[in-house]
Amino acid sequence: MKLLKLVPDNTNIKFLRWRVPFYVISLLLMAASLGLVFTKGLNLGVDFIGGQMIRVTFTQSAEAPVGPLRGEIEALGYGEPIIQRYGKPNEISIRMKLPEGADHDSGLSDKMARTITADIKAKHADARVDGVDSVSGKVSGELWHSAVLSLGLAALAVAAYIWLRFEWQFGIGALFSLVHDVTLTLGLFAVTQLEFDLTIVAALLTLIGYSLNDTIVVYDRIRENLKKYRKMPMPELLDLSVNETLHRTLATSLSMLITLTALLLLGPGVIFGFTAAITLGIFVGTYSSIYMAAPILIWLKVTSKSFVPTENALEKQERLAREGA
Amino acid sequence: MLEFPRWKVIWLWAITLLAALAAAPSIATVMGFTIPAGIYAPKVNLGLDLAGGSHILLEADPSQVRQQRIEGMDESVRNKLKQANPDIRISDISNRDGALTFLVEDPAKVDAVREAILPLTNGAGLTGARDWTINVIDGNRFVLTPTPEGIDQAVAQAMETAVEVVRKRIDALGTREPTIIRSGANRIVVQVPGLQDPQALKNLLGQTAKLEFKLVDTTALQSDIQRGVAPPGSEIVPYAAGKDGGPVGSIAVKRLGGIRGDQLTNAQVTNNQQTNEPQVAITFNTEGGARFAKLTTQNVNKPFAIILDGKVLSAPNINEPILGGSAVISGNFTTQAASNLAISLRSGALPVDLKVVEERTVGPDLGADSIRKGMIAMAVGTLALVAFILAVYGRFGMYACIALVFNVLMILGIMALIGTTLTLPGIAGFVLTIGAAVDANVLINERIREERHRGRRVFQAVEMGYKEASRAIFDANITNVIAAMSMAAFGTGPVRGFAIVLLIGIATSVFTAVTMTRMWVAQWLRKARPTEIAL
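Protein sequences appear in the order of chains A and B.
Count the first sequence with the numbering used here and you get residues 1 to 325, in order.
Count the second sequence with the numbering used here and you get residues 1001 to 1535, in order.
Just chain A, same shape as in the assembly (with noise of 0.2 Å):
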C-alpha cells in the first residue's frame, strides 16, 4: 500500500528567507489584535464582569426570536439585555447587570431570574431554559484576577522550563511565540465579539501548553542540528531543521484540527468559543513555531558554540564519515 506524503522526501523551502516580511506581520497583526482588544474590548461574560446569564433553547424554531425578546426583556424593567447567540442559531444566552442592592440580598437577582424566564416561557411555547448564572461583582473581579494571573505564570513557568532544557535564547524564543499565539487568538475574540468567559481562558492556557509542542520539536531538532553541522551558517541550519519537521509538523497540527473540526461541527454549542479559541490556536501556533520561534534564535545570536558539545560515540562515528565525504 502506497502511503500518504504531506511533503514529498528532501523538501527544501527556505522559510528562513522570508523571515523579515513575515516577522513584520506577525508584529503587525499583534498590533492589531492588541489594538482592538483595547478599543473594541472583549465580550467578557458574567463570569468576569458579573451579572446574571440566562441560556435559552427554542426547541421547536430554526431561529431564536432575538428582536421581539430584546423588547419583551426590556419592558421587564431590568435594564437592557445583551441576547448573543451561541452554537446553533436557536440557542442564546441573554445577560443583564445584577440589579441594584443584589450584592446585599441575592433574593432580588433570583427575583429578577424568575420574572425573565417565566416572560419567556409565557410568551414561547417551545423556549427551554437551560441554565441560570449569577455572579456577584466580588467573585467575577476574583475570577478576572486569578485568570490573568495564571495565564501570566502559565506562560512564565512553560518559557522557564525551556530555558532550563535549552538555552535563554530558546526560552525568549518560546516566550514570545507563546505572546503572539495568545494575542492573535484575543484579537479573534474582539473581532468576533464571542463571548469571553472562563472556558476561555482555558482554551488559552491549553494553547500555551500545545502551540509550544510544535516549538520544542523544532528547537529539539536545531539543538541535535547544531552539535551536528558546526559550521553551517545559521538561516541554513534553521530551514534544514524546519525542513526536517515539516512532515511531522504538518501531519500533528492536521491530526489535531482534524479532531477539533469534528468538536466545532458537531459538538455542543455551549463550548464553539472554547473550540474555535483552541483551533485558533493551534493554526497560530503552527506558523509561530515557524516563523517566529525560529528566526529569533539568529537575532539572539545563537550559534552551535551556545551548546557544549556532547555528541555520543554513534554521532561522531556519523560526523566523521560525513566529514571523509
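Bear in mind the hints are in silico, worked out from the structure with no lab data behind them.
Wrong hints could be hidden among the right ones.
Unchecked claim - No more than 27 Å apart at the CA atoms, straight line, and that leaves these computed lysine-lysine pairs for DSSO-like:
#1 B:K1355 to A:K97
#2 A:K88 to B:K1373
#3 A:K228 to B:K1467
#4 B:K1355 to A:K138
#5 B:K1467 to A:K227
#6 B:K1527 to A:K305
#7 B:K1355 to A:K5
#8 B:K1202 to A:K121
#9 B:K1373 to A:K121
#10 B:K1202 to A:K97
#11 A:K138 to B:K1202
#12 A:K111 to B:K1210
#13 A:K305 to A:K231
#14 A:K111 to B:K1311
#15 B:K1527 to A:K111
#16 B:K1467 to A:K316
#17 A:K2 to B:K1527
Once you've looked at the hints, dock chain B against the given chain A.
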C-alpha cells in the same frame, strides 16, 4: 529499547487492561445498560454542567465574626469585673470600630483590671499567639483589639461549624448527593445535582437561625422608638415581615438578661389549635430548659421578645413560669417559613451569616444534549483521525490507532477509579487528547523514517526512532503538564474538570503511544523480521 521480557509484557498488558476494564461500567451506563447492584462498578461522575443541577457559592463576612468576638468579650469583661471583689466599676463601654474600649473609673485599679481580664485574652490555640492585645491609654482607658491570628482562627472555626450546619440543613431537604466543601478562608461551595430550583435551598441557607429571648423594655417611649432612640441598656429591634396582618414597626428590648435559644433538642412544625396557624414547637435540652425556666420565673407578667436573626417574631406576655423545657414560637408564619425555621433550628444556628455570591443552575436537557453531541463529535473525529493516520503511516499508524483506543479507555477508567468528575469542557479535553496523543506516534514514526533514509537497517532505525523522539515527546508533555496544572490551580468546577482530563490524558498517552506501541512494534519485528518497512 526493543527488548521486552515476558514479565514486562504481562505487566504492561495487565495495567492497560485493568484500567480499560474500569471504564466498562461508565460506557455500559451511557449505552443504557443498568449495572446490577452489589457489583463494584466505579463510574465517572458527571459534572453539574452535564448532569444538570445547582452550584451555589456562599460567603461569610469575616468582619461579622470580628464584631461577634468583640461583643462576646464585652459581655465576658462585664461579668468578670462584676464578680471581682470589691467590684470594679467601669463606664463608657464601646464595642464599635473594631475594638472594645472602656474606662476604669478608679485609676488605681487599672492593674487589677488587667490581671482580671488577662485570662480572657489568651489564645485557645497551641501556637501561643494571643487572641487579643490589651492597651491602656490616657492612664485608665482600656482598648482590647482582637489580633489577626485570633480572628483567623475564629473565622476558621465558624466556617467549620457552618459547613456542618449547611450539611444538616441540606440533608433535611432530602436532596440527593450534595457536595459541600469549604473554599478559601470564608467560602462554602454547595453543589446539588439534579436540583432545578435552588430557591428553597437558598432560603434555608440564608437563614442564620440565631434565636434569642429578650425582655421587652416597657419603659421605652413609643416616640423614641420611632425615632430610633433606645433607652440606656436597650436596643431597638424591628418586627419580622411575616404574612399580612402581623405586627409592624419596632420594639425596644433589654440588651442583657436574655437567653439564647441554641440549646435545643428538637424543633417541629405544629398547628395552633385556636387559630390553625403554623407554629414551631421547640424543646430545650436540660441546661437550656433550666435557663428558660429561670428567665420566665423571674419575669412573670412581663412581655419578652422572641427574636430570630435580629427580627422580632413575637413579643408575648409571660403568664406563668415555663418549667417543662418546651415552648411554642408563633410568628405569623407561612407553612413554608415555619418548616424552614424548624429545620434551621434543628440543625443549629449558623455561626455567621452566609451570602450567595455566585450561583449557577443548569437544566437537565442541556447536559444530555451536550453529552450526545460530544459523543458524536468524538466518534466522527476519531474515525477521521484513524483514517488519516492509517493513510500516512500504514502499519505503524495502525499501532498508533490501537494505542489510541486503549488510551481513551484508560482515561475513562482512571477517572472512574479516582472518582473525578467529567465536565463539558472535559469532553473537549477528551477530543483534544485524542488529537494530541498521536503526536507522540507521529514524532516516532517520522524519526524512524528519517533513520531509514540515512541508511539504517530496519531494527536499528526503529530503535533510534523511539530513542531520539522520546526527548521531544518528554519536553512537549512537560509544557502541557505545566499549562494543565495552572488551569487546575486557577479554575473552578468545569475548567478544573478539563484540566484533570488533560493531565490524565498526558500520562496515559505517553504510556500507550510510546510504551505500548513500542512493545507491539518489537513483537512484530521479531516475528516477521522485515528487511523493508513501509513508512
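Here is what the structure says about each hint:
1. B:K1355 to A:K97: Answer holds: K1355 of chain B to K97 of chain A is near 19 Å, not above 27 Å.
2. A:K88 to B:K1373: Since the Cα atoms of K88 of chain A and K1373 of chain B sit roughly 12 Å apart, the hinted pair holds (cutoff 27 Å).
3. A:K228 to B:K1467: holds (17 Å)
4. B:K1355 to A:K138: holds (12 Å)
5. B:K1467 to A:K227: holds (17 Å)
6. B:K1527 to A:K305: violated (45 Å)
7. B:K1355 to A:K5: Violated, at roughly 61 Å.
8. B:K1202 to A:K121: holds (23 Å)
9. B:K1373 to A:K121: holds (25 Å)
10. B:K1202 to A:K97: holds (21 Å)
11. A:K138 to B:K1202: Roughly 19 Å between the alpha carbons, so the hint for K138 of chain A and K1202 of chain B holds.
12. A:K111 to B:K1210: Holds, at about 26 Å.
13. A:K305 to A:K231: holds (10 Å)
14. A:K111 to B:K1311: holds (23 Å)
15. B:K1527 to A:K111: violated (72 Å)
16. B:K1467 to A:K316: holds (17 Å)
17. A:K2 to B:K1527: holds (23 Å)
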